[in-house]
Amino acid sequence: MRAWTLKLTSCLLTGLATVGSAVYVTGHLKSSKAPLHPPVVTAATGGHLNLSPSVKSSGDQQPLTFTSVS
Amino acid sequence: MSPERLEFQALGTVCQLYAVDRDAQALAHGATWVLELHRRLTRFDPTSELSAFNASNGGWVRVSATLEDLLREALYAHEISGGLVHAGVLHALLAAGYTHSFSEGDRPNPRSTIVLDPLPPLPDVLAVAPGAAKLRPGYGIDLGGIAKGWLADRLAERLGENCVVNLGGDLFARGIGPDGEGWPIGFGGTTIYLRDQGAATSGTIKRRWGPDLHHLVDPRTGRPAKSNLQEVSVIAASGTDAEIYAKTALLLGRQSAEFYLEQHSPGWWLSP
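Protein chains in written order, with this note's numbering: chain B, 1 to 70; chain H, 1 to 272.
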């Protein structure tokens with residue numbers, strides 16, 4: 001195989017990798033305005049619920065008892 | 001696994017006990033313990049130990065280990081809340097008309113005018129030593145702000161390694177729960193699983209007896225609090241801490257509450 005063929009192939013592969021990476025990155029941009037932490041999981045009417053990732057929650061499970069104003 | 005359950009009235013509210021691997025008698029003993037402490041710590045009974053302490057005239061008086069612990073807890077609550085959770089609000093509550101327990105069927109008497117001053121810091125009002133305590137003349141202690149969480153924590157220790165003690169919404173969940181995932185607790189419209197954690201709610205929507213008259217006194221004014229929050233629920237390491245954080249957040253108002261709770265709690269619910 002001639003040397004210029006190897007050079008051309010390596011240049012093409014490098015170019016393809018660069019273009020492919022650029023296309024992937026621009027297609028998966030993260031919104032700079034997205035809330036990072038802590039996440040708002042759900043909110044009952046009119047209120048604001050804030051649970052850290054360490055708190056396990058389930059909207060489907062019936063509670064055994066609940067905290068409330070008494 | 002279905003836990004044993006007991007519901008009863010105490011502390012002016014509904015109390016619930018749940019426990020895995022404990023029988024009904026163990027829960028009944030727990031309820032008896034709560035009722036006994038309620039009898040000793042209520043401010044509405046003039047013969048209670050707390051009423052006797054409130055009637056003391058500024059000197060050192062002997063107090064039981066339980067009352068001493070609770071008074072120390074009140075000082076701790078005052079400290080970690082920046083002075084907002086203040087057990088020395090009895091006279092402010094009376095001045096606002098909260099003279100009767102809601103559970104007695106009588107509504108408190110609305111007062112048309114309330115003339116009160118900001119409260120001095122609690123350590124200027126209350127001093128506690130081993131087996132004794134001293135109260136500044138002209139002031140009284142109301143333990144309603146911290147007693148339920150404290151009692152929930154203590155009773156959970158007595159009930160065993162897998163239980164929930166819920167005293168009117170202030171609760172402590174101990175152990176892995178009935179299915180090993182933690183105890184499913186209703187919290188801010190969803191269900192959370194608590195394991196060796198407490199939760200509590202503070203609010204102004206109940207125990208009201210007139211416009212702007214409710215049980216939550218702001219020590220900065222000596223009057224029922226005016227907050228842009230009506231209800232706050234908080235998760236914490238204990239029921240006592242949850243109750244302190246919830247009350248502090250409510251008194252702070254929404255903006256400061258979120259900042260405060262970010263430093264203290266893994267989860268909270270704020271209702272305007």
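Everything labelled a hint here was simulated from the structure, so no lab data went into it.
Among these hints, one or two may not hold up.
[To be verified] For the chain H half of the interface with chain B, some residues (derived, Cβ under 10 Å), not all of them:
1) P3
2) L11
3) E161
4) G169
5) W183
6) E231
7) I235
8) A246
[What the hints assert, rightly or not] Not close to chain B: a few residues of chain H, all C-beta gaps over 10 Å, as computed:
9) W60
10) S64
11) G168
12) G186
13) A237
Backbone N, C-alpha and C define an ideal beta-carbon position, used for all residues, glycine too.
Numbers of unmet hints, in rising order:
Failing hints, ascending: 3, 11, 12.
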